[in-house]
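Mind docking chain B on chain A? Use the hints.
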Amino acid sequence: MIAVVDYRAGNLTSVRKALAHLGADAVATADPEVVKQADKIILPGVGHFSATAILEQTGLRTAILQRIEQGVPFLGICVGMQWMFESSAESPETRGLALFTGACGRFSETVKSPHVGWNSLTCEGSSRLLRGISSGAYVYFSHSYSAPVVRATAARCEYGGEFSAAVEQDNLFGVQFHPEKSGAIGLKILRNFCDL
Amino acid sequence: MLTKRIIACLDVNAGRVVKGVQFQQLRDAGDPAELAAAHSRAGADEVVLLDISATNEKRATLTDTVRRTARELFIPFTVGGGIRSLDDAIAVFDAGADKISINSAALADPFLITRIAERYGSQAVIVAIDAKRINGEARFEAYVSGGRNPTGRDAIAWSREAEERGAGEILLTSMDRDGTGAGFDCDLIRACSETVRIPVIASGGAGDTQSFVDVFNRGRADAALAASIFHFGLRRLADLKQELQSAGIPVRWPC
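Protein chains in written order, with my numbering: chain A, 1 to 196; chain B, 1 to 255.
Just chain B, with the same shape it has in the complex:
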């Protein structure tokens, strides 16, 4: 039986895993290669490395970081953040990424999805969408630039277009829930999951075990992403998978 995936996300700045509070006060949390391997051993089904470096100088270390992280990682490995062109994507794939995640660049140039998919296959292209409720209702607008700028685009309509253009998965983040630990936005995830035929990865709001049960059952998510080792300690990861299994959610455990 196909299992629900738990994906560990590492935020990386200038080659180091960091965790901030609302993108402020970034704190050093360790080496990406070591932390990715540790998450793999602890039971993560995939690892996402998200480059949040604010400047190009800091970002220049990305391919080196990807290469070091990929070397001893034998589970799927996605890299996102700052990929703006086919050339950017090629550099990251060459360094050892299995998939890339694109967000703002895909909205600015939707053909980018197709160009990368034609070269590497749709399975290698994740379109990330940051979505926010409109007036608190179950309507969702897509935002870009790390959630700073509204686009006027309906997030669900955009997910369907991304699929048509060749995306292999959608990584859907609720900006309303991100960083709150209050649970995923199941309305958002479900609306997307029922619209597209490709897998949907839920993000934003990861909290207790019940929040994962809800997003898999009510939200119909195929995978859930938890964004930091602080939300998501290694001990917690193993416990979470056991608890999900006890709750009847199919997960890869033991692994």
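Okay, chain A solo, but in the shape it has when bound:
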């Protein structure tokens, strides 16, 4: 069972819809006990980094970390991926999971913000999440802050500078773009996660 964590940030509908389309056994939940039973965890996210603060207050953060330590695959989407880093300039008082080093920052002043639309990936080496996806593939982004390129970066994207479009390390996966809104390519990436 895949737990799709519901923390009242934006709506989960599109992620659940895509998983249903793939025939995945997924439940949306705000209950830490359900998260502790999950075989896989997806943390969607749109909107503001501070929205993740509720994960701490509700015990979801502890449940998620516990499952991650037990080796359960975890996928953070958009703000969900940013939360895997230490912090974000969007809300400096909100702490991330610090699974990856570095802080999320704003785009340079030379480009419009938010970064909205279809942009291409530059893939790095072998990624289980991006299996079958080639550099140049287009995916849909919608965000005002971005995560730096780190050792775990599985795909980079260019928009007023380079940032991490996807990260991957052991059972940790994150995508800045929205696979549930990225057509056939996005569904393929979600399928790869479901098949882990």
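The set of hints was computed from the structure by calculation and includes no laboratory data. Every clue listed holds true.
The calculated label-pair distances, taken between Cβ atoms and stated as ranges, are: (1) B:A157 with A:E158: 30 to 38 Å; (2) A:A184 with B:G146: 30 to 38 Å; (3) A:G23 with B:D64: 19 to 27 Å; (4) B:A182 with A:R128: 49 to 57 Å; (5) A:S135 with B:G136: 46 to 54 Å; (6) B:R84 with A:V150: 43 to 51 Å.
Ideal Cβ placement from N, Cα and C applies to all residues, glycine included.
Only chain B this time, still in chain A's reference frame:
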């Protein structure tokens, strides 16, 4: 590289896609869910569903239409038309919309932009502006109620205020060009695009390939909307993206 988006707009009346000439003689053009999926397959980067139902009775079917259309659509999906309150917006988001578009209601109550943005994020809020030239000059007035009523507001100043209040994108329609096929109003689009820092979607006047090249280059649009499957057949959509790519405009193609 960030690509320029081609957005397909479906006008919906009482749950059916329609096309009229100048809002008259509405003709049935099909099922929104089927047409949205077909546009996605043909290469549209996003789909906008615009409810043009004249009455509340007809509009009552909207959330059902949104739900059916969203179910098998895996590209961004915007819903507009008749969203007057946070509750209206919530119903449409719950039914599966990724973004909502508000127009008259935002001008009547600019705080509505902020209320929706605080709940769903700015990326989910598009403020649509219908603009018309003043005496044919490059000055633009915002209109409401489907373009029937002038507001006395400068359209570009309003776009900046909408951004400040939390809009994530501006959907800017030239009333002078709408339905003419004579090309987008690049002066209007550029004035807005150079004023706000959020993406601007150009609308009104979609015609030949060159009209899209012009609005992306001269108009500095981030996206262009074409308003009907009759202006914008599925075959034409695929051809358009290939032609834009040949003309050096970055587009998502093949997709």
